[in-house]
Amino acid sequence: MSDVFSVELENIVKRFGNVVAVDHVNLKIRENEFFSLLGPSGCGKTTTLRIIAGLEEPDEGVVRIYGEDVTDVPTHKRNIGMVFQHLALFPHMNVFENIAFGLKMRKVQKEEIKKRVKEILEIVKLEGLEYRRVNQLSGGQQQRVALARALVIEPEVLLLDEPLGALDLKIRQHMMVELKNIQRKVKTTFIYVTHDQTEAMTMSDRIAIMKDGKIQQVGTPLEIYYRPSNTFVASFIGEAVNLIEGEVVENGLVDTSLGTIHCAGSLTKGRVAVMVRPEMVEIGDKLYNVDNLFRGTVQSIIFKGSYIEYRVDVEGNTFVIHKHGSAELGRLHHLGDIVEIGWKKNSSIIIPI
Amino acid sequence: MKGTNLFLKIFTILVFLFLYSPIIVMVVFSFNESKSIGVFTNFSLRWYEKVINNPEVWKALFNSFWVGAVVTIVSLILGLMMAMAVTRYSFSGKSILESLILIPVIIPEIAEALSLLIMYIFLNIPLGPVTVIIGHVAFCISYVTIVMRARMAGYDRSIEEAARTLGANEFQTFFKITLPTLYPAILAAGLLAFTLSFDDLIKTLFTTGPGFKTLPLVVWSSAARGGVSPELNSLSSFALSISFLFAVFRLRVERRLER
Ligand SMILES: Nc1ncnc2c1ncn2[C@@H]1O[C@H](COP(=O)(O)OP(=O)(O)OP(=O)(O)O)[C@@H](O)[C@H]1O
Ligand SMILES: [Mg+2]
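Going line by line, the protein sequences match chains R and D. At position 106 of the first sequence (counting the first as 1) the number is 106 in the numbering used here, and the numbers step up by one without a gap. Position in the second sequence (from 1) plus 1000 gives the number in the numbering used here.
Looking at chain D on its own, in the form it has when it is part of the complex:
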């Protein structure tokens, strides 16, 4: 028994090393003074200084945030409506709709991105923040619907009926009873949508217009321009830490909601 235990421990450590060593290397070398990637010479924040003094980075960060916010709100509204429709009503074509909603989760993002781009060109829609947002919403809505549907499956509708007997009309019931009691699900789905939008590269790359960049796009174009460099290391670490903070926040919220 003891042997198995030790074996499991070592195995787990190896898996984690495999998963995280690239990230660790990247973060460590972002503090390297030397311009070379190979050898660590001295601890330094000079590459971070460069990143922080780069207005393009701040602009992209700002873009990422507001695009994420708009995407979250739009996909929450649409996803909530979709989830309510499939959990509460029966209508013809419901099962087809329920499968269709899963498609963005299953198909390769590049195919989705390319088809979106083709559609935009076909319809002659100028590329820019709006097309990026539409692109993000198109897949975030699926995730939102899936999360909401799971949480709404066991929803006890008698509290809505109770509100109706107490004199609340449909609107009052929705805003004072349904929405507040669905709040954990809405929060979880919203945080997920924001994270997905914030981290997205491929769709943004395909659907953005000239001059409009999100943070992952800046990282990407910097890599495409100058190859792997210490500056890129610190830029990626910077983007990583924001996503990381966000993920931690999301997990904490979800854990609190589950209790």
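In isolation and in its complexed conformation, chain R is listed as follows:
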């Protein structure tokens, strides 16, 4: 990992009237990193991105690009590229003219422009469409034009605001892989804004989770998934989560309404939540080799394709359990069955609340 930071945000605050859209945000984004800003609608992702682009002026704080303070540098003098949520292609220009625009603004020679547009069209796989009007392209193709237009100027940072939002699922999945490949090829920092955790998890080196204008956690997808720093991150990430509140009595032991739960060791003291991911919980008629064991009643069973989702009631607490593997189909549990559920202590994580 590089120790050079391409973008640094220091104590950034942005208010719109009474709304604090960005609340003391600090971020250090590494060179050539695929970095995602992930959070629910209205949490301030777009505003943060626009502050990096210079399209929005922060009320407080400093923006640095490669160490240089650009807080007061206007957008057109920051060497950034941006892909907008609704693409914002120039409707009066064809594909070539759209992509060449940034190079023309930089007074690049005509021949050089042709060469570079051709190269970038190859990278985004749009060869042969140079002279199409942009409104005669499919959604996926327009996406690529927007990407090519932003990349061709070889920006120091590429900012992307939910660029896949308008595409349907299949193309979106395809573009996720493609985007990651392109990022590896062009070797530029990508800062990617999304409210879709699959997108963030699939592509990112690191993710920042935002809520109400504040950064909740920064980490790799694995860290965010398995070591959430608070209950918001725990429930926002992943399809489902089991959280049980309790009190730390001793390192790795939490007293809850269900009894004492054995957890992975943690320095956290006092009131906490214990998190167990649904795929970490085992279910069966009789379980061995688990550190935490409970008996409950099967409340619901949903077949989800590659796994089965059980909901099991244990003394008024509902546990979500994901059971993988078709081999298990012969040993399905039924509604109302009394079953055992359990997990190893390393699967339960203590989260401060």
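No lab work stands behind these hints: they were computed from the structure. Quick reminder that beta carbons are idealized off the backbone N, C-alpha and C, glycines included. Fair warning: there could be bad hints in the mix.
Stated by the list, open to error - One side only, chain R facing chain D, incomplete, derived with CB under 7 Å:
#1 76
#2 82
#3 90
#4 101
#5 105
#6 240
Unchecked claim - Here are a few chain D residues that face chain R, going by a calculated C-beta distance under 10 Å:
#7 1164
#8 1165
#9 1169
#10 1176
#11 1181
Use these hints to put chain D with the ligands onto chain R, whose structure you have.
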């Protein structure tokens, strides 16, 4: 159902007859050989010959064109700025400004014309082409602003922001992105302003100086001088056909832009 349909058809035809029969009569009688307005005798182009050989008509036509052109350019620039101000920025007094801009469309033109004339006299400004142009601009600007504002209401400003991220400064963004994408609105507003200026009589009549005449003014003074005559018929038909051609052109352009 069928009865209603027939009734509607007849009704429509009657409305159109009512609207257009005076014009048809005028055009038909402009080809009448006889000097009398009452009876059509023979087809003839003699009145048109008279019109075409009248240098005053050509001079007036020329005046109408260049006054129209200047009015169009000036009111486009001012109207565009006005429309941008009210659609993009919020400032105190904005709603008052937005209502004020409508006034020239609402008040009787004669009142406007008279007040302009009084102002010119009060300020001791000599009457002539300049005062005519100012008069025309004063109401064309309202129409331009209204047309532009309507078209700019749904304007997606992110393309301007995209241009800025690609290295364009404010000027480059305005001339390479904003103006070209507003081109349909500008064209529509410009054609409207030109037509309004070209057809205007009352304001021109009040604000022109000695010797400066536009085409509608020539028609008007000819009527005032000699009353209704076959020559006036052909002169009016001539002016009408120019305005008509222009209207057709405008409609075609607008239809193409709307597609
Ligand atoms: N120009 C503005 N004027 C007033 N309020 C704004 C403006 N832009 C954003 N906000 C407010 O700031 C907050 C953050 O908005 P922002 O667009 O950054 O959210 P977001 O995380 O991008 O949401 P989404 O996922 O819906 O795009 C919201 O409450 C929004 O209403
Ligand atoms: Mg957003």
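Taking the hints in turn, this is what the structure says about them:
no.	hint	result
1	76	holds, 5 Å
2	82	holds, 4 Å
3	90	holds, 6 Å
4	101	holds, 5 Å
5	105	holds, 4 Å
6	240	violated, 36 Å
7	1164	holds, 4 Å
8	1165	holds, 4 Å
9	1169	holds, 5 Å
10	1176	holds, 8 Å
11	1181	holds, 6 Å
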